[in-house]
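From first to last, the protein sequence lines are chains A and B.
Per the numbering used here, numbering of the first sequence is gapless, rising by one per residue and ending at 328.
Per the numbering used here, numbering of the second sequence is gapless, rising by one per residue and ending at 668.
Hints are not guaranteed to be accurate.
[Said to hold, decoys possible] A few chain B residues facing chain A, derived, Cβ under 8 Å:
id	residue
1	L401
2	P403
3	R431
4	R433
5	D435
6	D443
7	F448
8	N449
9	P450
10	V451
11	E460
12	Q461
13	T464
14	H494
15	S508
Keep in mind that the hints were calculated from the coordinates and are not lab data.
Backbone N, C-alpha and C fix where the C-beta goes; we use that ideal spot for every residue, glycine too.
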Amino acid sequence: MSGSGMSLWRYAALRIVQSLPLILGIIVINFLLINLAPGDPVTALIGEFPAPAEYIETVREQFGLDQSLGMRMLTYIGNILQGELGFSFNYRVPVLELVLGRLGRTLVLMITTIVFATAVGLGLGIMAAKWKDSPLDKLAVGFATVGYSIPVFWSGQLLILLFAVRLGWLPSSGLRSTRIAYEGFALYGDMARHMILPVLALSLRYIALTTRLTRSSLIETLNSDYVVAARTRGIPATRILWNHGLRAAATPIITIIGYHFTFIVAGSALVETVFGWPGVGRLMYESIGARDYPTLLGILLMVSIAVIIVNLITDIVYAFIDPRIKYD
Amino acid sequence: MSSTPHTQTEMNPQARPEPILDIQNLITEIRVPGRSLRPVEIERLVVPRGQVVGIVGESGSGKSMTAYSILNLFPTAAARIHSGSILLDGVDMVTARENERVRIRGDKVGMVFQDYAMSFNPVISIGKQLMEQLLTHGRHENAKAKVLSVLNEVGLSAEVFSRYPHELSGGMLQRVGIASALVCDPPLIVADEPTTALDVTVQAQILELLKRIQQERNLSILLITHDLGIVAEICDLVYVMYVGQIVEHGTVHKIFKSPAHPYTQGLLQGASSVQSVGTHEIRVAIQGSIPGLTEIPSGCRFHDRCPYTMDICRTQEPGFYEVNGLQAACWLHDPEHSHG
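Same shape as in the complex, but just chain A (with noise of 0.2 Å):
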């Protein structure tokens, strides 16, 4: 790459000045689309039982809900502009506090998942274009469909029948035991445990792509035509796999990754509702019920910005796999 230090800082700075028009657009439709939600807020908040008007109308005043939509879109803008995500109608504390003391187990969530599935999804995947039409790749390809065709919630709640009901290897719910206080590793330990089931339901679609992918780039690799060239070099079938073959089924790979981060943030919602995982996820769940707007907008915001940064590091990373890609 050629001079790739400072064009690499000016490709970033200028994608990210790029994306925030597309921010703001995120932010109007989200609130515009959750007001066209059927519900009242201020109805899921005080309850079922009969309130008396001027209560209600308190309460409305309160969070500033008896200003139009225009108005309080144009004040929630503002307020975002300056770090202030709001205040959660439901829990009664700032959305951005309630969202970052959550976002870690959630983070821990989606890494586990995203390496665990990519490497079982390339180590499939390599393994069904080396031994191509063998009765392993058949296995494979077989895996890859079924695993892509089953929902997260399902597949949750059949794990759960098998390894917490029918066999109780498993805690089938929560962060970590909570009859036994485990402290220090054995704590670690206890939450590893719990997220052995939620990781595998969120990792089945993953895997499922990441082989197919793997597979078919790789084999389409091995059959072009500089491979077959690096083999008149004498270069032996298991280097060129590993060097050439891979290096190129690396760029779908990667962008399978960012592609798919949405699809991860999505299932986690899933998967931590049936796994009762106390993190991001769950908590939209929540205010989607409780029809917590501010929490609800908060966490599609960050979510929404958190994609654009995901690809932007994909497309920086395939310039730095591939040569040919430039930053223009």
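Given the coordinates of chain A, assemble chain B onto it according to the supplied hints.
Chain B alone, transformed into the frame defined by chain A:
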């Protein structure tokens, strides 16, 4: 034809060492559902040490498959060597184990392709790919210096070492292709249409380069081409190939002066009539076109295009006859059948 300097007789007039490449009774097959096609059936092809041997023929005559057969490595899994022997510097590439063949490829024989653009990994720098080849063949000592010197030898600057294939021109890439063929100092280079895909001016430069390197290193080159002009320019010996078989071979000088096989005669007439056009295809001054592998004629494979066809040509394959120092597989030169 203008006579060109020949080296073959000057070097080893009598005491002939074993040739660098000796192909005998080679049959290469392509297995397709229901049958087996045979793109190559070569009785004998010899490349003496230090000489440039051309294989010339139309496209579809099995020239490239011959090149792949020498390495016993095919771009498609359907192709394989059916039988025969290919002695490459004394090692039979047909019976050698695969790991031994891997050691030989790129080390004892370098290959130059027509499609220079497709012969290097687009995402790995030129230097790294040449280094990879050297290191794979166990040449760790001064590997980088070796790569730089071979780049210099083919007329490229040291800067090319850190370049990627897409940053180089066609001519430069083909020089890299030649550098890669040379980097392990092999005694033999197989060049499959090395100049065909290049601009005419660049063609001449690459040809000059091959000629110079051949002389400096006393290399053996097997040059596969459809271009008789190139054969005249740098080859010592030439084999004429038609539908997978050798139909005539001998010294370039003799073949150009008095070709004995009707196919060679047609090729030469065609070549002289279109020399100025500079087209990639051979214009054969012969009626019809080369048959496909599924419709190989009986008897002499050339009989349905030959102006001198006799009855025997349709039923029996001719053997080789010596005609004015050339070997030609044609019934015309059989004393019993030639009718003057």
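Here is how each hint holds up against the structure:
1. Contact between B:L401 and chain A, as hinted, is supported at the beta carbon level, the nearest pair being about 6 Å apart and thus within 8 Å.
2. This hint holds: B:P403 has a C-beta 5 Å from the nearest C-beta of chain A, less than the 8 Å allowed.
3. Evaluation of the B:R431 hint against chain A yields a held restraint, the C-beta minimum of about 7 Å falling below 8 Å.
4. Look at B:R433: its Cβ gets to within about 4 Å of chain A, closer than 8 Å, so that hint holds up.
5. The criterion of a C-beta within 8 Å of any C-beta in chain A is met by B:D435, whose closest approach is roughly 6 Å, and the hint holds.
6. Satisfaction of the interface hint for B:D443 is found here, the shortest Cβ-Cβ separation to chain A being roughly 6 Å, below the 8 Å cut-off.
7. The criterion of a C-beta within 8 Å of any C-beta in chain A is met by B:F448, whose closest approach is roughly 6 Å, and the hint holds.
8. For B:N449, the shortest C-beta to C-beta distance to chain A is roughly 5 Å, which falls under 8 Å, so the interface hint holds.
9. For the restraint placing B:P450 at the interface with chain A, the shortest Cβ-Cβ distance is roughly 6 Å, inside the 8 Å limit, so the hint holds.
10. For B:V451, the interface hint holds, the least distance from its beta-carbon to any beta-carbon of chain A being 5 Å, beneath 8 Å.
11. A distance limit of 8 Å between C-beta atoms decides the matter here; for B:E460 the minimum to chain A is near 6 Å, and the interface restraint holds.
12. Satisfaction of the interface hint for B:Q461 is found here, the shortest Cβ-Cβ separation to chain A being roughly 5 Å, below the 8 Å cut-off.
13. With 8 Å as the threshold, the beta carbon of B:T464 comes within range of chain A, its nearest partner Cβ sitting at about 6 Å, so the hint holds.
14. Below 8 Å, beta-carbon pairs count as interface contacts, and B:H494 has one with chain A at about 5 Å; its hint therefore holds.
15. A cut of 8 Å between beta carbons decides the hint on B:S508: the least distance to chain A is about 6 Å, and the hint holds.
Checked against the numbered hints given earlier, this structure breaks none of them.
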